[in-house]
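Quick mapping for you: the protein sequence lines, in order, are chains A and B.
Take 1 as the starting number for the first sequence in our numbering and just add one per residue.
Take 1001 as the starting number for the second sequence in our numbering and just add one per residue.
In case anyone wonders, no lab produced these hints; they're calculated from the structure.
For each residue, glycine too, the CB sits at the ideal point set by N, CA and C.
Treat each hint with caution, since some may be false.
To be verified - Computed footprint of chain B on chain A; a stretch qualifies when at least three of its residues, placed anywhere within it, have a C-beta under 8 Å from a C-beta of chain B:
{"id": "1", "segment": "63 to 76"}
{"id": "2", "segment": "124 to 137"}
{"id": "3", "segment": "143 to 157"}
{"id": "4", "segment": "162 to 173"}
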Amino acid sequence: MVSPDSDTAADAPAEPLPVAEFKREMAEAIPYMRAFARSLTGDDSAADDLTQDALMKAWNARKRFRAGSNFRAWIFTIVRNQFYSNCRRSWRQVAWDQEQADRTLTGPSSMNGVMELDETRRALLELPDDQREAIILVGAGGFSYEEAANICGCAVGTVKSRVSRARAALAAILESGPKQRSAGDDIKPSESADLIMAEVKSLTSGA
Amino acid sequence: MSAMNKSDDKPDAQAVKSRQRVIGARLQAVYDDVVRQGVPDDFEQMLAALDELDEQSGSVKNGSNGNEG
């Protein structure tokens, strides 16, 4: 990323962002950081704690951010490092809290409904950490494989294989129905597969 | 063997593809669901507090890194 040559280049070395701009970048990144943190922790309040910790880290490290580089990738790296450096401490809530799910699922999304979202969240939680972060970054966060590799500190090929394994695993989980179910959840695996097929139809028939 | 099944493979591949599109859309929906919430109040407060932090540390001019990790 930052090559040792950059200081000796004829061009002036990249400078840190002015503080006001740095703050604006942080503010703009917050919704995305929360979304990423949410996928890492699987929990609302843990995600916010993680995001706030990462914001503080980013703020303290602001002089190290070079203007012109990808701010979101930079700060996502901090979120991720923070998540792992705490040994995932209490970030991860293993049991899915239905009440919490209801609280966060306010308006309807572009998808058919709350149930699909909830089901997908739970399916995500069944993935290994490395696959989950890879598929979220590439599949939802809009990062390239290269950017995701930088964020995760691994090779591009590794990200690619994690994403494809994650896709296959998600397909399998969603078809058989996620393991972690809440008491009120009475979707049967077969219905789950039906739901997916219904979505396939609705997606393929326009929209 | 696989050559004989070629005609069967095609619709399968398509089914896999469209299933993956659904999963992709679902993932995006899960992510966007949080993004749409914007910046909650406590984060706004935190950003505002950073200004004060900055003013305080700005008065102590210290080029070296006095961090105690």
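Consistency of the hints with the structure:
For the segment 63 to 76 of chain A, the stated coverage by chain B is violated: 0 residues have a C-beta nearer than 8 Å to a C-beta of that chain, whereas at least 3 were required. Against chain B, the segment 124 to 137 of chain A contributes 3 residues with a C-beta closer than 8 Å to a partner C-beta. That satisfies the three-residue criterion, and the hint holds. Residues of the segment 143 to 157 of chain A with a Cβ under 8 Å from some Cβ of chain B number 0, which does not satisfy the need for three, so the listed coverage is violated. Look at the segment 162 to 173 of chain A against chain B: 3 of its residues bring a Cβ nearer than 8 Å to a Cβ of that chain, three or more, so the hint holds.
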